[in-house]
Amino acid sequence: MAGEPTTGAAGQELLGRRHELHEQPDKQDEHRRQSENQSQGQNQHRHQNQHLQHQTRQHDDGTSNELPSTSPAVPPVDASTAAPVSRTGLLDLRLGLAQQQQLHDAVTPGIQPSTYIDPSPAETPAVTLFRPRDQRSRDILVGAGGDGDANQGACDNSSYFLPRVDPSIVIPLIHHRGHPSDHSADISSARREALLCNNRSSALDSASAPASASASASASPSVSASALHRTLRRSGAMARRESLTDIRAANPDLALSGNIISATFNIPHALTYHKGADWDLKPRRGQSALSDSLAYLSSDATPWNHTVVAWTGEIEHPHDATASPPDSPGIATTVGTSSLNALSAPVPVDAGTRLLTPAPLDGLWISKDDQTRLEYQLSHSKTIRTIPVWLADDAEASDDGAIKLRDQARWRKYAQHDLYTLFHYKQHEPTDGRKERVQWADYFRMNQKFANKIIEAYKPGDIVVVHDYYLMLLPSMLRQRIPNMYISFFLHSPFPSSEFLRCLPRRKEVLEGVLGANLVGFQSYSYSRHFLSCCTRILGFPSDTLGIDAYGTRVQVGVFPIGIDATKVEKFAWAESVNEKYDALRKMYEGKKIIVGRDRLDSVRGVAQKLQAFERFLEMYPEWREKVVLIQVTSPTSVDAERDDPEYKIGSRVNELVMKINGQYGSLGFSPVQHYPQYLNQDEYFALLRAGDIGLITSVRDGMNTTSLEYIVCQKQGHGPLILSEFSGTAGSLGDAIHINPWDLSGVAEKINSALTMSDEQRTIMQQSLFHHVTTHNVQSWINKFIRKVSSVLGEANTVNATPLLDRATLLSQYRSANKRLFMFDYDGTLTPIVREPSAAIPSERIIHSLNLLAADPRNAVWIISGRDQEFLKHHLGHISELGFSAEHGSFMRNPGSEDWVNLAEKFDMGWQAEVMDVFQKYTDRVPGSFIERKRCALTWHYRLADPEQGVHMSRECHKELEAGVGNKWDVEVMPGKANIEVRPTFINKGEIAKRLIATYHNPNAAPTEQDPNPGKVEFALCMGDDFTDEDMFRSLNGASGPILKADHVFTVTVGASTKVTLAKWHLLEPEDVIECVSLLAGAEGLGGSERMGEVNLAALSTVEGQIPLGEK
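Mind the numbering: the sequence shown is residues 760 to 1872 in my numbering, read in order.
Quick caveat, the hints were computed from the structure, so don't treat them as lab data. Some clues are possibly wrong.
To be verified - Below, in silico cross-link-like pairs of lysine-lysine (DSBU-like), each with a Cα-Cα straight-line distance of 30 Å or less:
{"id": "1", "residue 1": "K1127", "residue 2": "K1267"}
{"id": "2", "residue 1": "K1579", "residue 2": "K1346"}
{"id": "3", "residue 1": "K1330", "residue 2": "K1346"}
{"id": "4", "residue 1": "K1666", "residue 2": "K1633"}
{"id": "5", "residue 1": "K1776", "residue 2": "K1579"}
{"id": "6", "residue 1": "K1218", "residue 2": "K1194"}
{"id": "7", "residue 1": "K1218", "residue 2": "K1548"}
{"id": "8", "residue 1": "K1548", "residue 2": "K1579"}
{"id": "9", "residue 1": "K1330", "residue 2": "K1633"}
{"id": "10", "residue 1": "K1419", "residue 2": "K1352"}
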C-alpha cells in the first residue's frame, strides 16, 4: 500500500530494533544499587567536607592562598537529597541545582562552582573547581578513567562539565569515590597529565591499578590537586594565551577581546520542560556540521572564548501529571519540527522517549525560576556555552518575570515559508499579503530580540558570527546600535539569482540587513556572485568580485565551503555496534550492488528524480536487474511550506514511484528499491554508508550536503564511487566525484552504470582524492579559515588611511572668524543625491534656501562648479543672482550678478566630437537603456538606466576604445564617472576653475569690483565634491594651502565613504550631510529655519557658543 515502507522482513528486523538498542538499565537493579551504596556516599561526602577548606588553601608549590576569613565553612550536603547514580559498580554523588548553589554561597562571593561527572563506564574521580563568576576565560576538561569518550556520554542535567577557567586561579578538589568491591582507577599525576594534554574529544584511556594505589591517592588529595594544577597551567592556559597573542599581534589595532559570539537560530539541544525541575536537553537533529563547528570553537583546540546565542526552539512537554499540574497554565505548542538547515545528518533516536502532549491554544507559561534554571544549565553545558533567546510577546509577560510562549512555530514561518523556498528557486502563488505581513513582523521582532541578547553579552573587541537566513536582519540591527562592532555573516543555504530575489516583497530589507556585516560568507562561488549581483541590481551599490561598497564602507564577500568532523564520523562509523549492522547488511544483500540514498523528504532533495533515474537505469541496462538494490532512506520534511503546498506532496509521489519500480522490475523474493521513510539511528546510518557500493545524491538545489561527505569517509575501505548532483552546494568542492544533472534521467542512468563497471584502480584513485579533501577540509578547518578571514578583513579595514569625518564645530568656528570666504560646490552627488535619470536631480527647497542665505552675505563668494550644462544650472539655480556658476567642468562661467556666460573653450578645435559620437552610438546600440548627453564642449555616455553588470562591462570596453583612438589623436581626456563616461578637452577641468577663483578673490590690494565687492585675503575656503572630477579642485586648493591660504582655514570635503581614495582632507557620508553643513553655516537651521536643528549641528553649535541655543533645549 502507498505510504508503507517497501522493505523486506530482514530489513525490517535490522532497522526496527531501536528499543533493544536503546534499552534503559533495569529500574529495580538501579534502585537496589543506589540503596546499597547510599551510606557509603554519605561517608565519602563527609570526607569531602573535612578536606574542603584545607584543599582550597594549598597551591602546588605548597604556599598558602587563604580565602577571605569571612567565608563560611562549606555546609554538609545531605546525601539523601542528592542524586546518586550507579554505573558499572560505581557510586557517584551528584549535586542538584539547589545543592550546587548552597556550595557556591558557602565558598566566597563571586566564586562559582561546577561539578563534572565523567560518563564513562569506569571508576572515576569527581572534580570540583571554582572560578570567578565574571571570568570569561576558557573551559578545561578534567576527568579520568574509562574507555569511552568523555564528550559522548550522556551526563545528568543537574551535573555539569566544570567551567573552563584560567588555570592560574584554579583550585582543584579531587575526591575519589568508588565501590569497595571494585578495583580503583589509577589517578596518578602522570595519568592525569597525559589525559589533560589530549584534546577533550579524544577517548580517555582505561586503566586499572591495585586497590592500594587508590587508597594512596585518596589519602593524599593535596598531591593530586598539585599535579592537576601544574598540568592545567602547562597544557591549557599557556598554549591558548600564546595562540591568541599571535592573533592579536597580527592585528594590533583591532584590540580583540578573544571572545566570539555565534548567533544561530536554534540552540544545539531539543528541550523538554518540567515545571519546577531541570530541563531535558537532547541533541537536536539536522545541525550536525554547524553544531560540530560550534563545539570545536568552544573547545581547547582554539584560543577563543566562545558563546552561542540562540533561540530555545519549540519547547516540548511530556505527558504526565507532575509536568503539568491541574492548576498550572496551559502548555506550549509541541510540534517538534527540527531546525531547517542544509547541515543535516542523522542523530540517534531514543526509543524510550515519552509521548508529547499536543499544545492547547493558550500557550505555555514559563516562570522566571525555570528560565533561570535553563540558562544555568546551558551556560554550564559540557560542550557549548549557550545563552538562550526567549521568543515571546512582551505583552504576554507577567510582573514576576514569567513569560507566555504562544504558537512557538510562528517565529520560523517567514524564514521557512518565504526565504527558504525562494532561496531554493520555488515561488508561491500571489496572495493579498496579510499573512506575509504578520510573518514578517514576527521575523523582524525575532531578529530584534537576538540583537538585544547579543548586546547584553557583548564586550568591545568581541567578534560576532551570524549564521543563516533566519537572522538576515541581525547584522544591520547590531551595526546600528554599535557601529564599530566586528560582525560576520555566513549563509548555509543557496542564494538565488536577482531574477528570483526580485520576487521577494522584502528583498531590500533582507539585503540591507546582511550588509551590516564586515564579511559575508557563502558555500560556493555562484551563491556569492548572485548576492553581489542582487546588491548591485536591486540596491544600486557598486560591487566587484570581492565585495560591495555600501553605506560608506566596504563589505567583503568570500566563499567558505563547510565540511564535517571527519575524525568523529570515522570513529562512529567503525564502532563495534556499527560493525555488527554492517555485516548484517552485507549478508542480507550478498551478491548484489547497493546504491545508497539518504535525503529529507523535500522537493529540492530530488528523491523523485533519483527514483526515475534508477527506473531508467534498469530499463537501459537489463543485465543489472536483480543485481542492484537502491536503499533509499527519507526523513520527514521540517518545512511547513513543503507540507502545506499540494504541488509538493512529494511523499505520495515517491511511494508511487517505489511501487511502480518494484512492481515492474521486482519479484516475490526481491524488491529493487528498499524505501525506509523514517529516521535512522546513528549505528544504522553509518552501517548503511559503509555497506554502499555507490552513493547517489540527486538534489536539485541545496546549500551543503553532508551525506555525500560522510559517505566518502565511510568508504575509506570500500572505495565506493560518489555520484553527486551538480546543483548541490558541495559539488564545487568535490571535483573528483561523478557529477550528474538530476533532470537528465538517461545521463544519470549512464553514470550509475559507469560507476558499477569502474575498475578497482579508478575507484581507489577517486576515493583517495575525495577522502583527502574531506579529511583536510573539515569543519574545524572551515571555522578556522572563516575566523581568520574575519580577522584579516577587520585588520585591512583598520589599516586603511580613512578620511576623517568633517569636524563641524571647527568648520563653524573658522567660518565665523573669517571676513572673506570662498565656497565651491559640486552639484550631482553633493548638493543632490545621484538619481537614475539625470534630469530628475532637482535641488530641494532646503538647499535652495540655505544657498540663498549663504550667498546673500557679502563676505561670501559661492560658486557651483558642475559638469551640468548652462541651461540646467540656470533653470534650477539661476534665480539666485549672488551665485557664480561653472558649467561643463569649467568650459563656461557665469559670474555672480551677471546673466552672461563666458565660453572658455571657444578657440578649441571640436573636431574630435564626431569621432566620439560614433563610438558612443555604437555602445548605445549594444546596451539597452544607455543614452548620449551632448554638451557644447563635452560628450557623455550614460548607462545608469542599463543593466548594471552589462553597463559596467561595456563601459570598460568603451573606455579602452576611446583611449586607444581619440585619446591618442586629440588633446582630450576620457573621464569615467558614476555610471557614465565623459570626453572633454584636457585643459578644461574643475581644478583650473578653482585656481582662477583663488586668483580672483585672494587679492589684498585690489579695489572693490562688481565680481569681488569685498576685496582682500580669502580667510576661509570650503570645497565639496563626490566624483573623480572633483579631485582636481581638491588638488588645487591643497596646493594653495600655505603659500596663499592658511592650511587650517581650507576645508576640502569628499562625499562618500571614509575609505575611498581621495585628496580631500575631510569626508561626509551623503548629500544630506552636505545640506546640513550648508544650513549650519548659513544659519538656516534652528530658530531661523523650518525644522529643528539636527543632533550633529546642535552639538557643533553648542561647542562653538558654549551653550545649547534657545529653543533647542
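We went through each hint and held it up to the structure:
1. Distance restraint check for K1127 and K1267: the Cα-Cα separation of roughly 38 Å exceeds the 30 Å cut-off, and the hinted pair is therefore not satisfied.
2. At roughly 98 Å between alpha-carbon atoms, K1579 and K1346 are farther apart than 30 Å, so this suggested pair is violated.
3. Taking the CA atoms of K1330 and K1346, the gap is near 23 Å; set against the 30 Å cutoff, the hint holds.
4. Between K1666 and K1633 the alpha-carbon distance is near 24 Å, which keeps this suggested pair within the 30 Å criterion.
5. Distance restraint check for K1776 and K1579: the Cα-Cα separation of roughly 7 Å lies within the 30 Å cut-off, and the hinted pair is therefore satisfied.
6. Restraint check for K1218 and K1194: the C-alpha separation of about 38 Å exceeds 30 Å, so the hint is violated.
7. Between K1218 and K1548, the direct Cα distance comes to roughly 21 Å. Compliance with the 30 Å bound is thereby established for this hinted pair.
8. Among the hinted pairs, K1548 with K1579 is inconsistent with the structure: their alpha-carbon atoms are about 51 Å apart, more than 30 Å.
9. For the given pair, K1330 sits about 79 Å from K1633 by alpha-carbon distance, which is inconsistent with the 30 Å threshold.
10. With a C-alpha separation of about 21 Å, the suggested pair K1419 and K1352 falls inside the 30 Å cut-off, and the hint holds.
This entry does not satisfy hints 1, 2, 6, 8 and 9, going by the numbered hints stated previously.
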